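Numbering (the working numbering), first residue to last: 1 to 569.
Everything labelled a hint here was simulated from the structure, so no lab data went into it.
If you're wondering where the values come from, they're calculated on a predicted model, not measured in any experiment.
A hint or two may mislead.
Claimed, not checked - Heads up, simulated SDA-like pairs for lysine to any residue below, C-alpha to C-alpha not over 25 Å straight-line:
#1 K460 <-> E418
#2 K301 <-> K231
#3 K301 <-> G550
#4 K117 <-> T101
#5 K76 <-> L168
#6 K268 <-> D307
#7 K231 <-> K83
#8 K83 <-> Q509
#9 K510 <-> V486
#10 K462 <-> K495
#11 K158 <-> K83
#12 K548 <-> E439
#13 K460 <-> E492
#14 K268 <-> P257
#15 K102 <-> D118
#16 K171 <-> L204
#17 K137 <-> E219
#18 K268 <-> I313
#19 K158 <-> G66
#20 K416 <-> M373
#21 K539 <-> E464
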Amino acid sequence: MAEEKAKSEKIIEATEKELEELREYIEEFISFLPLSFCMVNSLDFILDVNQSFENLTGYEKLEVIGNDIEFLFRDKEVVEDFKEEVSSSEGAVDRRTFLSTKEGKEVPVEVSALARKDRHGSFSGYFLTITDITKTKEFEEELERKIKERTAELEKAKEKLERSEAVLEIKINARTRELKELNENLERKVEERTKELQERAKELEKSQTALLNILEENEESLRKVEREREKTLAVISNFADGLFLFNEKKELTLINPEAGKMFNVKAKDVRGKSIKELKSLPALESLIEVIGEKIEDLFRKEMQISDNFFLEITTIPIIYKGKNFGTLVNVHDITREKQMEQIKTEFVSVAAHQLRTPLSGVKWTLKTILEEMGKDAPEEHTELLEKAYDANNRMVSLINDLLNVTRIEEGRYIYKPEEVDLMEIISPIIEEYKSKIEEKKLKLQVEKPKEELPKVKIDKEKIEMVIQNFLDNAVNYTKEGGVVIVISKEEEEIKVSITDTGVGIPDEQKKRIFTKFFRAANVMRMETEGSGIGLFIAKNIIDAHGGKIGFTSKAEEGSTFYFTIPFVK
């Protein structure tokens, strides 16, 4: 008995050593990140920071660990609101504020945080990143100042020109009336008015001189307006984004150099052309397809020019005094952002692969310990090891889900299709879940057509994942009532729907249901596990099969999730 206990202690010691090595490995990963990063607990005290954090703030790790995160920032009220939102938010929370460095310098920064949850879904702290936005803020302020200055100068020039035109019109009208009166009385008072006409001629000369002076002033005002126009064109020419200006007739009136570089065209070759004419040019065909011949309202619409060149399109109507003078098309280069997304995806993939190996080792170690300890082991030891084994399994499952997500994002989630009877896949899965449904005292109803269903061409393993995900959600989030599974034949496809009487989905959160890492607020309050990846993966599987996926739901009344698969003709 003593030998077995000693052997168990050695195995436990080895397991703890492996877990410690895993912890050190994760810490090295965090330290390597170029982004300023820190880990904060649920009481807002800093638990750990990386080297980039120390470089940005000037504080060493030991100087900040254990302090409230609030001491790092100037605007305490903003930080207090930010912390409160983080603790209740389901996704990332961003704020702009000022960082107070160790040297007393205030640096404009963008702070992003993501809440951490324990396995019960309770808030246990958050991850915090800090990004220096000094240059961005300076550029925004300078651009805003210049725009205000140019606008004010143009308004003054316009007012002066309007005043000059009004004075000129008044004087011309007055002289016209006087000349008309002279003409009507000319024959009657020729001799009498000769002297007066001479005097009037002198006055007219003076008026002409005044008019010439006014015209000269108007010309000077026009020159000032022209100079301001040139300044505005200079700003547009040096703008970092590509700009296309279309008039109300959908003709291209302006294209800046950056837009010419992006699409490899010259302004002289495209200026003055209509949308239809531009569409015939290979260089601009893809852009016109995105904005449409009528120039649709777009906001940050992405388009891909090549494998390593991505753009973001926004259309801005130019409206003055209620009249539409055309449309400005802003083209922003997001290639770097896309590359960063790819880097993040690759990082998750590498991290998941690196984590899976030690976790697999821990899993088999724990399993070996449990098998060797047998029934004679102390109950508290067995219970502790079983909890560790279950937690390890959940971690391995989460890592597998992360790897599936990265494969989807990289376009490597390839499936192996084969012609099968869909009922041969669904029936065994239903049998597996019957005991769990009976355990929760729920009713199960299965409806299927009497005639034999046509075969479908699918990847069996992937479709099994979709059905299991739907059933897991239906059973886990239903406390009473039942689950109804309906398999039906539509015109050219087979439809599978699973209805429950569970908690349902709030209306304001329905649009995020198929996104990564999303879990509805009412589900988070329940003691259920989940990563928020299952439905994202399910949607990509059904899309890859050429089918459709969707749902209907009402909070506190239940949900129906369904998918369709085209059958083999």
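Hint by hint, here is what the structure shows:
1. K460 <-> E418: 8 Å, holds
2. K301 <-> K231: Measuring from Cα to Cα gives roughly 30 Å; hence the hint is violated.
3. K301 <-> G550: 24 Å, holds
4. K117 <-> T101: Answer violated: K117 to T101 is near 30 Å, above 25 Å.
5. K76 <-> L168: Distance ~60 Å between K76 and L168 Cα, so the pair is violated.
6. K268 <-> D307: Since the Cα atoms of K268 and D307 sit roughly 29 Å apart, the hinted pair is violated (cutoff 25 Å).
7. K231 <-> K83: Judged against 25 Å, a Cα distance of about 45 Å means the pair is violated.
8. K83 <-> Q509: Cα-Cα ~22 Å, so holds.
9. K510 <-> V486: 22 Å, holds
10. K462 <-> K495: 16 Å, holds
11. K158 <-> K83: 49 Å, violated
12. K548 <-> E439: Not satisfied, since the Cα-Cα distance of roughly 32 Å exceeds 25 Å.
13. K460 <-> E492: Given that 25 Å is the threshold and the Cα spacing comes to 20 Å, the pair holds.
14. K268 <-> P257: At roughly 11 Å apart (the allowed maximum being 25 Å), P257 and K268 satisfy the hint.
15. K102 <-> D118: Violated, at roughly 33 Å.
16. K171 <-> L204: The given pair, whose Cα atoms are some 11 Å apart, holds under the 25 Å limit.
17. K137 <-> E219: Distance of about 39 Å is beyond 25 Å: violated.
18. K268 <-> I313: Within the cut-off at roughly 23 Å; holds.
19. K158 <-> G66: Answer violated: K158 to G66 is near 61 Å, above 25 Å.
20. K416 <-> M373: 42 Å, violated
21. K539 <-> E464: 13 Å, holds
Hints 2, 4, 5, 6, 7, 11, 12, 15, 17, 19, 20 from the earlier list are contradicted by this structure; the remaining hints agree with it.
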